[in-house]
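Engineer: Below are the chains, spelled out letter by letter.
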Amino acid sequence: MTGSRNTSIFYGVDRLAVLLYAAIVAAGFFFITAASYEEGTGDLLSFSHFYMKQAVWIGVAGVVALVVLLLDDRYYHMLAYPAYIGGLLLLVAALLFGREVNGAKAWFEFGSVRMQPVEFAKIATALALARVMSEYSFSIDRPSDLVRVGTVICLPLAIIVLQNDTGSGIVLGSFLFVLYREGLNKWLCIPVLLIATLFIVSFLLSPLTLLVLSIIACTLSEAMMNGRWRSRIIYLATVALASILLAALTALTMPDGGLGLYGSLLAVTLLSLVGVVIYAVRAQLGNTLLVVALFVGSMIFLPTTDYIFNSILKEHQRNRILSFLGIVSDPLGTDYNVNQSKIAIGSGGFWGKGFLEGTQIKYGFVPERHTDFIFCTVGEEWGFVGVGAVLALLCLLILRLMRMGERQQEPFGRIYCYCVAAILLFHVLVNVGMTVGLMPVMGIPLPFLSYGGSSLIAFTILLFIAVRLDASTRQFSPSI
Amino acid sequence: MIGREEGHVRMRTLQCVVLLVFALLLGRAGYLQLVDRRYVELAKANVLRHVVQYPPRGEVFDRRGEYLVQSRECYDLMVISREIGKQGFDTARMCEVLGLPRPRLERELANARMRPRAPHLIASYISKEDKLRFDECNFPGFYTVFRTVRQYPRKIGGNLLGYVGEVNADMLKRYPSYRAGDYAGMSGVELAYEHCLKGEKGVRIQEIDTHGAVKGSYMNGMYDSLPEPGRYLVSTIDARLQLLGEELMRGKVGAAVAIEPATGEILMMVSSPSYDPDELVGRERGNNYMKMLYNKRRPLFNRAVKAKYPPGSTFKLVQGLIGLQEGVLRPSDTHSCNMGYQVGRLKMACHAHASPLDLRFAVATSCNAYFCYVFRDILENRKYGGVKEGFDTWRDYVESFGFGRKLGSDFLDEGSGYVPDRAYYDRKYRKSWNALTVLSLSIGQDALGCTPLQLANLACIVANRGYYYIPHIVKRIEGQDSLDRRFYERHYTKVDPKHFEPIVEGMWRGVNVGGTSTAARLDGWDVCGKTGTAQNPHGRDHSTFLSFAPKDNPRIAISVYVENGGFGATIALPIASLLEEYYLTDTIRRPELFERVKNMQIYYPSYDR
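Read top to bottom, the protein sequences are chains S and U.
Sequential numbering from 609 applies to the first sequence in my numbering.
Sequential numbering from 353 applies to the second sequence in my numbering.
Hint data in this document are derived by calculation from the structure and do not stem from the laboratory.
Each residue gets a CB set at the ideal place from its N, CA and C atoms; glycine is no exception.
Among these hints, one or two may not hold up.
To be verified - Below, a sample of chain S positions facing chain U; criterion: calculated Cβ distance under 8 Å: (1) Met832; (2) Gly962; (3) Leu964; (4) Gln968; (5) Phe973; (6) Gly987; (7) Phe992; (8) Val1040; (9) Gly1041.
Using the sequences plus the hints, can you model the full thing?
Structural biologist: And the structure:
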């Protein structure tokens, strides 16, 4: 690290990103005011109002942003692992000693202030992921390195799921976005996405269909990576034929009807995997081994989805998923929140009803209107125009983050910027998707807009570390 | 590690993913906000509450301006559970003040607690006095809503006026302007003139929050409206005559209808047994209604317009008129009657009177044989080539007198009676029948069925010498100059007015000279009348009397029908006579007759078994 470092800490700071951040936070304050304003409550500036609390939090966030910018970028590199371990410890502590809110044991409480360690664990995980993947010897195509990446992501995810906060946990899954950018074979991405989808949809399909679909998906992606289509198709045909034969044979010989088609297919496939592994080792096809691992992993998962569904997911989460998939419909029960949210947004029309004129918001028909469902205020009071403007701001910020990532010289900075973009994108997709009825209800906030101190500060830190890393790059090489 | 090129491609791909995600979200929001307009309505349904303000229902007066139906104010008791307060209130005192049973109050309060901020109906029909006492007690959370209910000062005209009830599911489906909880006319005048009486509801639109608490008025009351009271009606009924009619008919089953011949206005319409219309108002309405519904004498059945009674001898008037018009009968034609009419084995019995006799005398003494001759002559008229064709002609005449069809009065549930047609007899006698087979039609028996209204209308036709106005029950509607045009048109029968004189003469003689109706004589009033005694398979003969007075420029035409009353002169005649006397002279000069008729009870095995 040589070169003349500029004395001003603001030198090289990406103004557009900071401006977008300020605009979004200001808009958030504005919407929270509308959502939590109550006519007839005497003192407008009393701190019992959510918007006044939020104003304080915005001030704190400003200070935090300054502190983040003040720290040298090397610290973030250095502190990545300690922060990660600290984050894990916090999560475990929350799991053990935390306070339960809405069924999730994921909160610490200090006096009147509540904090969710998940928010900070996301930052730590992003840093650790950037650190792991930016190591000199790291190769995304090497299975052992992929396993390390998987561990870094899955460890906090597992604890968060144990905390019963599945929604926040799934956010970490968005790092697939980063892995793709860093060169993860797309034929690995696709089965991962596919199996994730199958996991959601598995309540709809029969186990046999699921099994057949995952076998075909895995074999085809493997073929896409390695070529040799002929042998893969022969393999598929053989498996199919063998399992049908086995099913028929056992049905004839065994008195209780034999293995059935599902049993035989599973048995034949698992047996054939031994051959596939031997073949892969001999032919030195590492990614074939990965696909096999993925398949076995999903096979452990899929039969256990029922178990997960019934024991790990709580009643309300199960209902939300079932309601989202249209299996149960209950407008006054589980669907109530989403329905009211759609009504609020839909009734906004093109221009909206105007500031403090949104009846659905004002009279409390939308639940959680200043936190998770803050987007309803945008939709109802500012209409399609407001929705477009807010989404445009968020979209620009995410694209800007990717742009900032691209201009980094160090992979660490690039990966971190992409992590931030991925987290923001996922939050926006799930939160806004939930309010317009595209996604199941998972209690995750809309970044910078939802009311909540810990969430605002965590997102601020997350964003400003990226700004800091980006600024440093430009301080050393202003030409970029 | 991947190369710069590949990295660039992947960045672009991811940018596309980001844009796609945002496009998806924006598109969905746009669909909800711009394409699917349902959500605007749903939002209004969430937040707006339409508070109905009920109009007072129109009142009904009799022809002299006396109240038949009044609207009485009453109140619905509402509660907003949350506003009761923690310390509660004195339930025992409230029950005492309002006369509510305590378990019911507690049940309703428990229901109200389900939605603590929404108004909940506790009880309806709170009287004004109770409401004032209730206001003094000042129970927190409770309030009253103004409504009106019906009240009947004279307690008359139950079936005639009809009753008002809460609209049922069927009506809600058919008439979208009604809402659950509205009251509407269910029968009689209330139903027929519902559109005038009901008025227009007012509405106050309020904004409410998710708990049902009122937050203010919508758009500063721009869409609010005030209730518009219902219009009043002046009925053609004479309340005093109606009261007397109901008194005289008490204890008998049947009907009495009086019409003013010169206008077709119904002066009185009694269906017996009747009921106290106040019983079908208020909290006990349901119980009383069920009691009446299961009463075997069927007090809710309006016999005056719906029952089908054989007209008996009163139908001889029609028979004679048709004969005269057809030219098969001249007033001076005489027939002999030897205790009846006999052809071969068929015999139609008659009572003892002088023989042979002409038309006037036949009407006066109600000779069966005479009209058998007339009826045979009509049916067997050579002109038509056959009995069946002759029968068709006869039926056309009968229908022109208003029988066998609805008269078109303003009573919606008017019955049509029944006049048998050719097809009926073809079916009954397998096509082989002749004038003798249906001979009992000549004296108003067989399958003939007439409503008391139709019979009173026949009295009008004879009184007017050949025409009638459609009988109607409303004289004037507030804010309307005239009624429907059809009530001002003369409806002529197919019989020429010149043929009516001998019949009228016969009716006059029957009362004033010597005949079956002499008891109906009123000095100085030239009463004309015709008795009828209708045989029926269910017991004693029905008693009926048809009359009008005075003979020239008649002021009242009346028909009285008493089921199982015996001879026409036994019971129907004195009732009709007393009613005429009262209407024409405002007094009753025969108190002993009045007492006798009033206290006469008829035993009805067919109803009371």
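Engineer: Work down the list of hints and note, for each, if the structure agrees.
Structural biologist: Against the structure, the hints come out as follows:
no.	hint	in the structure
1	Met832	violated (16 Å)
2	Gly962	violated (14 Å)
3	Leu964	violated (13 Å)
4	Gln968	holds (6 Å)
5	Phe973	holds (5 Å)
6	Gly987	holds (6 Å)
7	Phe992	holds (5 Å)
8	Val1040	holds (5 Å)
9	Gly1041	holds (6 Å)
Checked against the numbered hints given earlier, this structure breaks hints 1, 2 and 3; the rest are met.
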